[in-house]
Each structure stands twice: as structure tokens, then as C-alpha cells.
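A.B. asks: One line per chain: the protein sequences are A and B, in this order. If you number the first sequence the way my numbering does, the last residue is 275 and the count never jumps. If you number the second sequence the way my numbering does, the last residue is 1189 and the count never jumps.
Simulated from the structure, these hints should not be mistaken for laboratory data. Fair warning: there could be bad hints in the mix.
[What the hints assert, rightly or not] Derived DSS-like pairs (lysine-lysine); straight-line CA-CA distance at most 30 Å:
#1 B:K1067 - A:K204
#2 B:K1126 - A:K258
#3 A:K170 - B:K1067
#4 B:K1067 - A:K259
#5 A:K146 - A:K170
Given next are the chains, with one letter for each unit.
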Amino acid sequence: MKNTLKNTSEDRIYACILSFYETIAAWKKTYKRALTAVLPPPAIDADLAAIKLKSGFPLIDKERLALDEAMIKPHFLALLDIVGHKNPQEAHAIALQVADLNVFKHLLTDTLRHGACADHSQLLRFLLQETVHPLLEVHADFLAGKIGVEDWHCGYCPMCGSNPMLGVLKGQEGKKYLICEACLSEWLFSRSRCSRCGTASSVKMAYFTVQDDERYRVETCDACKRYLKVIDQRGDHPEKSAMVANLTTLHLDIIAVKKGYTPVTSFFQERHPPE
Amino acid sequence: MDLNRREFIKLSGATLSGIAFGTMGFDLSPIEAYASTLRIQNADQTTTICPYCAVGCGILVHTIEGKVVNTEGDPDHPINEGSLCPKGMSLYQLSHNNPNRLTTPLYRAPYATEWKEVSWDFTLDKIAANIKKTRDESFEITNAAGQEVNRTMGMASVGSAALDNEECYLYQKFLRSLGMVFIEHQARI
């Protein structure tokens, strides 16, 4: 009963955000379908892939990733339409900024290779990353069926090199898989190590849960002061989409941040442009 | 520490969409209010090895304020990869949570009907005395054929499966020095 009440209360709090996410998810589905139709499948060199994985290099080479800015731009503008209506002035400024296809291409390439830039407004950063991530997803989906990453033990994504968004405990053995913040790939990782700094010290590593709710835990590392949310999908705990789980646990983020930790994810780590 | 929206957006581990929430006027204060009502349990996770047998399965022990709240197989451990036998799975019962767990040796004197708690010093002295008494009473220098054997048939040992190879080697050396010949190990049973 307690859980039901809590879930109801959580559902009410997150209803608005989830409704917004549904719109974004629908946009993303259309966009990914379009990308899949036009993107050439990446050439796979099995030997090179094996060397990369063994040496800790992700499979996707962002420098060489094909980008069709003319094809992508309408989808970018469609997303701008969806999210820009609450801030029309800023949306208009962004539309003007990307009017030149070369500028748009530069913004996309820069975000793809180096992540979000602190110089951009939050809205533009959101738009660029949401536009770039499906590109990585499509490539990662293609590679996932061709190259196994079972022997990858790093804390960053074997496909695109991004940081994990959250962890998932699965199967009877309770193995922990990390989910990439950018391409949503999944890879096996240690239960006891910090995905950011690699420490395995039980003195530094700890976690917290909300009382009477075992579904989620927040793993914290006192060596690097980072945290990672982990969903327990074993037993009776229902499987949830990673993105939905991440969105509906913002309260855990608030608690972790108040405790002095910063997320493992790199979305919010500002990158400043070179002088 | 109060978090305003900008700080939260900057620091939070929410999805990228979190940025948009801030930009588009999503009100995060109900979530923050909800977070402040939750009771948090801080826990530690420590790795250990199962004490029961020589297989040496890895186990994760979860503790809250030093008290064990859960144990599970360690999926990172190369021996068991998260799996455990029924004994290993019941390891939780070895902790303070089990009221029937023995914490001191118990002794029932000859002809007594009750067990009583005794010290480790008493226990070890008593075991040593019983071993010496039995060995002295049952020691055979020669067998029925007159051959020299220097043995005792009055005692046997069933070695603990928690002993590793090196410990087993030392243990059987000790037993043979007493003249014991009935030496067995749990792993063979």
C-alpha cells in the first residue's frame, strides 16, 4: 500500500514531464527511421574493431561519421517547433542562427565530436544533442549486431565513448549493465567499481536507496564525488525504459546533488570553446 | 543546501531533456519537495568470500550502519559469477539477524541435560585434553602381526571444507603426527 501511494504520488509529479517526453520520443522515432533509411552502414573491419576494443577505444569514430546536414535540418527544426513554443524569442534566434546550412553543419559536427558547448544556450545545447544522439544510436545499433563487446570493461561506452546515463541490475546473477547517455548502448560493468574513476574501494564506494523502495539505488563514489543511478530489474521489479526510469527519478538526482555529488553523465559538464 | 533551478539543471544527472525542462518552464519544485519527504537509507557494499567450502565463491554483503541487510552472489567474481549454492545463499543467516546463531561455544558435561556457555579457553583446553586422553588410550605401537605402526584408531577427522590446500596440508601433518589414520575431507563426501 505504501508503495502504491508513493508510486501514485510519483506518477502525479512526473506526469507532465512524461507527457513531454512522449512527444520527444515520437519525434525521435521518425527521425531515427529517416536516418536509418539514408545513412550508409559503417564499414566494419573485424580485426581493427578487436584491436580498438582491446585497447579501450570505442568503435565509432566520430571524426569520420557521415553527416547529412541537409537531411537532418528539417528534423532539427521540427524538434525546435516542439520545444520552442514556450520560449519563442530564443527559438526564433536559434532558427536564424541555423539558417545557414554551413553554420548548422559546424554546430552538429562540433557537438558530435566534442559534446555540448557552454557558449550555447541551454535550448540550443538540448536541440543539438538530441539531434546528434540518434545518429550515434543508429550506428551503434548497426554495430551491435555485428561486433560483440562482451570483453569491454571500461566505464565509458564501447560504441561511442560517452559516459553512462544509468546502470541496470539484471538476470538471476544480478550483473550490472551500464546504458550510454548518447547512443543508449548497453555494456557489462563491475558491480563494485566506480564507472568514472574505477575505484573498487568499499570504503569510497557506497549507495543510498529510498526507504521501502528497492527499485532504485544511487551509487556514490567518494574518490571522485560522482554518482550513478542504478535500476534493479531483478525479481518482481518491472522492466522500464532507461530513459523513462531516468526521467522519473529526478528526486534521486536532487538528493545526490544535495549530498555533494555530481553525475557520472557528462551532459552537464560544460565545455568551453577554445580561445 | 538549497538548490535553485539553475544549479539543479547544471548539476543534475537527469537526462539531457532536463536542460529543456529548465528552458521551457517545467516546474521542478514539486520534485524537490517530494525529494525532501523521502527517507534515505545509506548503505555499503563489501565483497567477501563464502566461508563454507573451498570453492571460494564471491559474495556481496550489503550493510546499513554496520548491520548486514542482504547478501548475494558477486557477479564480478570469476569463480561463481553471481551464482550461489543453497548454503551460500543462506549466508545472511550467519549475521546478527539470526537469533539462533551461536556466538559462544556451548558445553554439555557428561550426564548433564543442559548446554551451557563456556569460554574459548575452556573449549580449546577441553578439546586438547580429550584428544590426548583418547590418543594415549588407543595408541598402537605395533599391529597384531607385530609390525610397527605407531597409530591411533580411536579418533577420526573430517576436515573442514573451508580449509584451502595449504591449510589442509598443515592440518593433515598435525593429524599424522598424532598417529591418526582416519583422515577425511568434506569435499569428498
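A.B. asks: CA of K1126 (chain B) to CA of K258 (chain A), is that 30 Å or under?
C.D. replies: violated, 58 Å
A.B. asks: Check the hint pairing K1067 (chain B) with K204 (chain A) against an upper bound of 30 Å on the C-alpha distance.
C.D. replies: Given that 30 Å is the threshold and the Cα spacing comes to 18 Å, the pair holds.
A.B. asks: With the threshold set at 30 Å, check whether the alpha-carbon distance from K146 (chain A) to K170 (chain A) stays at or below it.
C.D. replies: holds, 23 Å
A.B. asks: Do the alpha carbons of K170 (chain A) and K1067 (chain B) lie within 30 Å of each other, as the hint requires?
C.D. replies: Holds, at about 25 Å.
A.B. asks: Below or equal to 30 Å on CA atoms is what counts here, so check K1067 (chain B) against K259 (chain A).
C.D. replies: holds, 22 Å
The structure fails to meet hint 2 from the earlier list, while all remaining hints are met.
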